[in-house]
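Going line by line, the protein sequences match chains A and B.
With the first letter of the first sequence counted as 1, position 113 gets the number 122 in the numbering used here; the numbers rise by one all the way through.
With the first letter of the second sequence counted as 1, position 31 gets the number 63 in the numbering used here; the numbers rise by one all the way through.
Don't read these hints as lab results, they were simulated from the structure.
The beta-carbon is built from N, C-alpha and C at its ideal position, and this holds for glycine as well.
Misleading hints may appear alongside valid ones.
Stated by the list, open to error - So the derived label-pair ranges between C-beta atoms look like this:
1) A:87 to B:116: 39 to 45 Å
2) A:31 to B:129: 30 to 36 Å
3) B:141 to A:18: 20 to 26 Å
4) B:60 to A:37: 45 to 51 Å
5) B:76 to A:55: 45 to 51 Å
6) B:41 to A:92: 32 to 38 Å
7) B:97 to A:63: 40 to 46 Å
To be verified - Straight-line distance between alpha carbons at most 20 Å, and here's what the computed DMTMM-like set of lysine to aspartate or glutamate pairs gives:
8) A:69 to A:51
9) B:50 to B:111
10) A:77 to A:93
11) A:86 to A:109
12) B:63 to A:109
13) A:61 to B:133
14) A:65 to A:51
15) A:65 to B:133
16) A:77 to A:63
17) A:69 to A:93
18) A:69 to B:133
19) A:77 to A:51
20) A:69 to A:25
21) A:86 to A:24
22) B:89 to A:109
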Amino acid sequence: GNSVTQMEGPVTLSEEAFLTINCTYTATGYPSLFWYVQYPGEGLQLLLKATKADDKGSNKGFEATYRKETTSFHLEKGSVQVSDSAVYFCALSLSNFGNEKLTFGTGTRLTIIP
Amino acid sequence: EADIYQTPRYLVIGTGKKITLECSQTMGHDKMYWYQQDPGMELHLIHYSYGVNSTEKGDLSSESTVSRIRTEHFPLTLESARPSHTSQYLCASSPLAGYYEQYFGPGTRLTVT
């Protein structure tokens, strides 16, 4: 079946540090890949997406590249801010004749210290 | 502004009460979903719908029920709340076509005492 494995948290970084959150996937076919972010007390927001191999999704300084050869979609940011403190979810979706569902990773909690 | 709404945001209720969690979206999306999020953050799909009069059970068994009488409305009902139902409930929607990303509401945090 389809699955997403992401970096165990929690992750704690100092402000302006470089961030990487690893995400790898298993899927039968060619999935679309997503990163969602959940700020405290809120629902999930779509952060970025990539729909085919070698695509790079980017938003708010975050980037992730769809790597088919390593089945990975790692999230990166060059200089994190306190406001980036949140839970980050990697997810995939596959076309399934209208029966598409998202498969989520378990989430990685990120805390940025001033 | 197109959006997805959930009410109430927070609910504390006693055991045995019947509750309905509301979810509405103004984006014209055909597909809607309910997730239960446990304290460890993991998301579990409990119900989904691909249109009016369509409802399906998700990957995690739930004692809740849902209905889809109008495209924009997807309420979730618990006939008799129990402490084990204490959780965060997230509603989402997505268009019929596209790359299958989902758009989430702010969530309802339910506590059953």
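Hint check, failures only:
Those not satisfied are hints 4, 5, 6, 10, 11, 14 and 19.
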